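Peer 1: Single-letter residue listing:
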Amino acid sequence: MDETKIQSFLIVFSIIAFALALTMIFLFAIFQKRKNKLLLERQEAENRFKEEIIETQIEIREETLRNISWELHDNIGQLLTLAKIQLGQVEENNNNVSEAEQTLTQCLTELRSLSKLINPNTFRSLSLVNALKMEMERFNRMKYLETKLTFNEESFELDTKVEIIIFRMLQEFFANTMKHSKASKLEVNVTYEGDTLVIMAIDNGIGFNAQSGDFEGIGLMNIKSRAKIIKAEALITSQLGKGTEFFLKYKNQNDEAYRSSSG
Amino acid sequence: MGDVSYISYVLSAIELLASIVATLHFRKYQFSTEKWFLYFLWYTFLIDTTGLILKIFSLSSFWLYNIFTISSFLFFYFWYYTVLQSKRFKNLVRLLTLFYLITVLLTNAFETLSNQGYAFFIGAIFLLLLILMHFNQLLNSNEVVIIKYKLSFWISTALLLFYIGILPLMLLGKYIDVKGEYFNVILLSLNVILYGCYIIGFIWTKQKYNRF
Numbered sequence: 001m002d003e004t005k006i007q008s009f010l011i012v013f014s015i016i017a018f019a020l021a022l023t024m025i026f027l028f029a030i031f032q033k034r035k036n037k038l039l040l041e042r043q044e045a046e047n048r049f050k051e052e053i054i055e056t057q058i059e060i061r062e063e064t065l066r067n068i069s070w071e072l073h074d075n076i077g078q079l080l081t082l083a084k085i086q087l088g089q090v091e092e093n094n095n096n097v098s099e100a101e102q103t104l105t106q107c108l109t110e111l112r113s114l115s116k117l118i119n120p121n122t123f124r125s126l127s128l129v130n131a132l133k134m135e136m137e138r139f140n141r142m143k144y145l146e147t148k149l150t151f152n153e154e155s156f157e158l159d160t161k162v163e164i165i166i167f168r169m170l171q172e173f174f175a176n177t178m179k180h181s182k183a184s185k186l187e188v189n190v191t192y193e194g195d196t197l198v199i200m201a202i203d204n205g206i207g208f209n210a211q212s213g214d215f216e217g218i219g220l221m222n223i224k225s226r227a228k229i230i231k232a233e234a235l236i237t238s239q240l241g242k243g244t245e246f247f248l249k250y251k252n253q254n255d256e257a258y259r260s261s262s263g
Numbered sequence: 264m265g266d267v268s269y270i271s272y273v274l275s276a277i278e279l280l281a282s283i284v285a286t287l288h289f290r291k292y293q294f295s296t297e298k299w300f301l302y303f304l305w306y307t308f309l310i311d312t313t314g315l316i317l318k319i320f321s322l323s324s325f326w327l328y329n330i331f332t333i334s335s336f337l338f339f340y341f342w343y344y345t346v347l348q349s350k351r352f353k354n355l356v357r358l359l360t361l362f363y364l365i366t367v368l369l370t371n372a373f374e375t376l377s378n379q380g381y382a383f384f385i386g387a388i389f390l391l392l393l394i395l396m397h398f399n400q401l402l403n404s405n406e407v408v409i410i411k412y413k414l415s416f417w418i419s420t421a422l423l424l425f426y427i428g429i430l431p432l433m434l435l436g437k438y439i440d441v442k443g444e445y446f447n448v449i450l451l452s453l454n455v456i457l458y459g460c461y462i463i464g465f466i467w468t469k470q471k472y473n474r475f
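As given, the protein sequences belong to chains A and B, one line each in that order.
With our numbering as the guide, the letters of the first sequence map in order to residues 1 to 263.
With our numbering as the guide, the letters of the second sequence map in order to residues 264 to 475.
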């Protein structure tokens, strides 16, 4: 073999090998780095989601406790007081015994529905529509608001965590309606359409000026940030004197699609 | 009978193997633009086998390989045009294809062998640019996480390694004598890398990830 030929072969071979090795290392490094960054971001997003869930659950619990305290004070407390007065008048008029009995029966009914509300298992096993039904029936019973819930029969399984967040968003909207809007009517419509869930909530209150960014309390801001977390579309529209409207559109995502939105 | 190196046989065999693997795994990428690669691999195999037969009978295969080189570059450009998504990249592919065609016309008008080298050089540089654009697209998407299941990634890697390797070989070939057996050994190694990457890609790829 010719020595110069071998030499030139070695030179060319090593240059090419070097070029290939460098390319491969570079490729590997750059893709690995990018992958790690993406995974980290995803992990963070997941953590944020978990934190939000926990926060939401705590809020729901607090809201429930507040409701219980109201009911005990306004509803059951009043009824028991009435029963006590009625029993106190027994000597004067025997009619009052049966009246007191009626009041106590009513009182028991209220207590039962209240205990249902407190039981955390009840809420966990409830579907979104049923939870809404319970919440809105309570408004009716307490005579805060006149409510109407409509929904279609078709439905699909929602992730419980997503359900909790959606429920909390609506609860916040209801709280806003009761505290600020002076509304007398509240209407909610839940529609399952294919893999999309659309919820409309409308009150007939005084409304607010949405343009001026005059969001009453941070409740409504919370609704927006929560919608973002479950990747839902949320819209709150209002006009002074014409009530407030809450629109929510949620597209059911399977777990994987939720974790990686395809690019 | 012409003097045919064993390397030509090995090359045809590797191409045949890659084509067979591509055919066996076809259902995994049949709905993506990578499906064109199946036909392209068989086309390559046919061309090289024809070239081999021409060599055995000591016939010139210059035009065969000239046309094959041009058509394969045009095929790669077309494929990257379908794979790249941004409007800017697509326009750039159009522009580069036009430039390449002009180069090919010019070099064939002044028909000498060294000029053919220029056309190949330009074609390879342009192809490397397209590969980098494709990598840029992959890096800026969420697909990075499942990159090894994407056939397009393996095709780009194969082409990148092959052309990064073959460019210095061509450039140095002008100054250093690397003809004959040595040249063939290096060329074969690069082909092994090229078809090796293809084969890994065909075997590893998963249908649901062949989106772009």
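Because the hints were derived from the structure by calculation, they are not lab data.
This structure is a prediction, so every number in the text was calculated from the model and none was measured.
C-beta: ideal position from N, C-alpha, C; glycine also.
Fair warning: there could be bad hints in the mix.
Claimed, not checked - Simulated coverage check for chain A against chain B, where a stretch passes if three residues somewhere in it have a Cβ under 8 Å from a Cβ of chain B: (1) 4-13; (2) 27-37; (3) 153-160.
Peer 1: Now tell me if each hint is right for this structure.
Peer 2: Outcome of the hint check:
no. : hint    : result
1   : 4-13    : holds (count 7)
2   : 27-37   : holds (count 5)
3   : 153-160 : violated (count 0)
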